[in-house]
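Respectively, the protein sequence lines represent chains F and Z. FYI, in my numbering the residues of the first sequence are 1 to 404. FYI, in my numbering the residues of the second sequence are 1001 to 1396.
Read the hints as simulated data drawn from the structure, not as lab findings. Note that the structure is predicted; figures quoted are calculated from it, not measured. Keep in mind that a hint or two might mislead.
Said to hold, decoys possible - In silico lysine-lysine, BS3-like type, Cα no more than 30 Å apart, as pairs:
1. Lys41(F) to Lys233(F)
2. Lys1103(Z) to Lys384(F)
3. Lys41(F) to Lys1390(Z)
4. Lys1103(Z) to Lys366(F)
5. Lys263(F) to Lys365(F)
6. Lys1074(Z) to Lys1103(Z)
7. Lys1074(Z) to Lys384(F)
8. Lys366(F) to Lys263(F)
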Amino acid sequence: MKMITSLFVALGLWFGASVTFANEFAPSPVPLFDEDNAPYKYSGILQRNDGLGSGSVAIHPQLVLGCAHVNFDFPNSEWLSDIRWHWKWNGVGLPPGSGLLMDGQWNFDSYRKFVKSRYGLLDPRALNTDFVVNYSTANTAGGEYADWIERGDLYLAKKLPKLITGYPIGLYTNPVGLYANYTDPAAQYRMHETGPFSTQFQFVDSRKYPNLMGARGVIGGQGNSGGPVWGVKDGQWAFAGVFTSIAFDTANNPYIGVYALGKSSWDRISSAIGTVGALPGQLSGNFLLSSVPAQTVDVGTVRRNFTVSGMVGFVDTMTLDLVIHHNRRSDLRVELTSPSGATVMVCNLGNRTGTSAKNLVCTGKKILGFRGFHANGVWILSVKDAYPENRGTLVSASLALTTH
Amino acid sequence: MRKIIIYIGAGFLLLLLVWVVFRGVQKQEAVSQTVDSRNQASKHENAFHPEDASKDLEKNEEGEVFHSPDPVLKAELNNLQERLKQNLGRDSVLRLLREFAQKAFFADPDAAAATLLEFLRAGGDMPTGLEFAVGEAGLEEWPSLRAFVMDLLGKIDLGAASQYALTTVIPAESSTVEYAVALRIFWLDGGAEQATPELISSWFRLFRKTSWAEQPDAAWMESLDFVGRMPTTLPDFVTEASGWLADPAASSGKAEAAQLALERSTRNHPVETLSALLENPVWLGKGRGPAVRASLFARLDAGDPAQAGLLGRYLASLDPRSREAAAFFKAFPYRTFSVSPGLSGLPDLQTKEEIIASNLAAEAFFQGIMVNGRFPLLQDKIAQIQLKLKELNNRR
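Can you build the whole structure from these sequences, using the hints too?
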């Protein structure tokens, strides 16, 4: 109860605790056999081995995205392993078969998050990062996956069509509260949808919790957690956020909370996607200089170009592999210049204060300082040899970058 | 002859006078400003920063080129400091810092580094209102202007930043935030591959500073990320972590942070980490410790002979009826990771190919145990793991 109150307090800041309203939109079963159509065909249940389940959505051939708040209570680690995915289940009773055993999860816990120990189940700080990526080495949804709206937060804030899919009663065998009337086993495990509706979501506190939004007059259920909230993109339903929470005001009216896709959350998702292999031409690239002839490095500056094209968005991460054969590497200074002209020092050895060691070899050296820059264009690698006594050869260089 | 002596003496006196005036100007420039005591996020116990200017001047006295600060960038930095006094919102502060960083990158690198160093040496500071937050490309939020400037210096002149951190920040022990930035600079300066002696010794100073460890802040917690890169810290770290995990509620969040650090240590250095745990069974022996230990051993890759050996030793050490055994057999093969970036970079995750190879090797490993009849009391549980591995391996 204390945890629910904490969310209520946060939401109450925005809604006003005395406001009452009608529940305009409630879940209803998705018609049988409609699960083969979008967006239902991207939804499913993640089920742990004691039977409890949670909503989820396929966002990549091998990634299923769900909520994280089920993981926050560490001693209850049932959600951390042995999780099975039941793709587009919309039948009567429990899903048949064993589903797809997922390989594991990527979560987004960071050290600093633990300063106040783990947050409660409905603490806005926890809900603000409330998603996990369940991954599999096998395809999760027949190789299909939902499209997404990168700025889901901006979309949800507008009066535009929205839809929630999932399992409001999920696999919970004793529905309570608003859902106590859902006692029909045939309905209990059915996929449900809420909407379409155009109710505007609002930020709980965009400064403190940039990913957490809520809406009133729209309700889900306990098992909706992790299920997708959809918006329309190019005439199709596209993923815009994860259903994360439900809370009640003093008049027992429910609020729903959503972990919205936004600038920071998109970073996390694109990172996860990049780990399993980027979508073709969209998220990462590797640009090699190794095929060009080697070039002598002597006193003066050698410049070589990386021409980057076909990337979408802005630089997220950048790494450099570099091999320079040289008699004295402490003569060298290496810089990288962006298409817009900004220069970052890669190695500043050109002061002869280091050792007289030979050869400069960097592998996977992270280049910092270009995050947020336009990726496409000519990037210039400059190798400056400050002293005439020694000479060498720029043997190879490759630049890898990801965008967001 | 007398005239010559007089001229030489006069010349000497003139040189002495010039030297005295020059030193006086330098000392005036090095006068520290008071660090703003309102900086809540940074544990500034002592605003005074030791006279470090002389350390860098030694470099110049050794005959290297002296670089003057960039006057335009210096004015921009002063302007930034003034703007931060206006208690701006988070987005505005981040935009200002980004804009200044861009200007610094556009400036001559040596002059930019000299500008930043001059600011740091003068001891100026200003709270930013931001948190201490780590992103994929390094720090994304800095609670103090000094931390931001130090971090920026590391991007422009890593050697100078490292020298400053070593001679000033580490001895001063005045701020967990600056200390954490210094650790990251050492890590990058060492090539971001192996811990340098400076990093190791500095990390231990942070870890052992009781007043910081008792009330850990975000910077102190994030510094635990280096445990995953420095197996030499394991004996000290795991001894402390065992206490935190024995009573997590009393650990101020350190139990969970330790769990994450051990997860990354096991991923980066599985043999060193898990050998140490096997050789010291008292570690992680109470409270949540055994479950954490089970989850770490459930990450072993049986495809690597050294790790397979450790897996066998661990099974031999398990009490079949214990909760630890139950946790291990439920989790194996355990592939849940935190993917959040740390001060030492992004965690190294298993690729799809590695996972597939590891699962196949695990199936063969446990099949061998079943065939040989080893661990008779564990056979039922091993049979369950076999079913799981077969399911994973047969679905492709």
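So, going through the hints one by one against the coordinates:
1. Restraint check: the Cα-Cα separation between Lys41(F) and Lys233(F) comes to about 17 Å, which is no more than 30 Å; the hinted pair holds.
2. Taking the CA atoms of Lys1103(Z) and Lys384(F), the gap is near 22 Å; set against the 30 Å cutoff, the hint holds.
3. Of the supplied pair hints, the one linking Lys41(F) and Lys1390(Z) holds, its CA atoms being roughly 28 Å apart against a limit of 30 Å.
4. Taken as a hint, the Lys1103(Z) and Lys366(F) pair is honoured in the structure, with Cα atoms around 21 Å apart against an allowance of 30 Å.
5. As the CA atoms of Lys263(F) and Lys365(F) are separated by approximately 26 Å, the hinted pair is consistent with the 30 Å bound.
6. Taking the CA atoms of Lys1074(Z) and Lys1103(Z), the gap is near 11 Å; set against the 30 Å cutoff, the hint holds.
7. For the hint linking Lys1074(Z) to Lys384(F), the alpha-carbon distance of about 26 Å falls within 30 Å, and the restraint holds.
8. Between the alpha carbons of Lys366(F) and Lys263(F) the distance comes to roughly 22 Å, so the proposed pair stays at or under 30 Å and holds.
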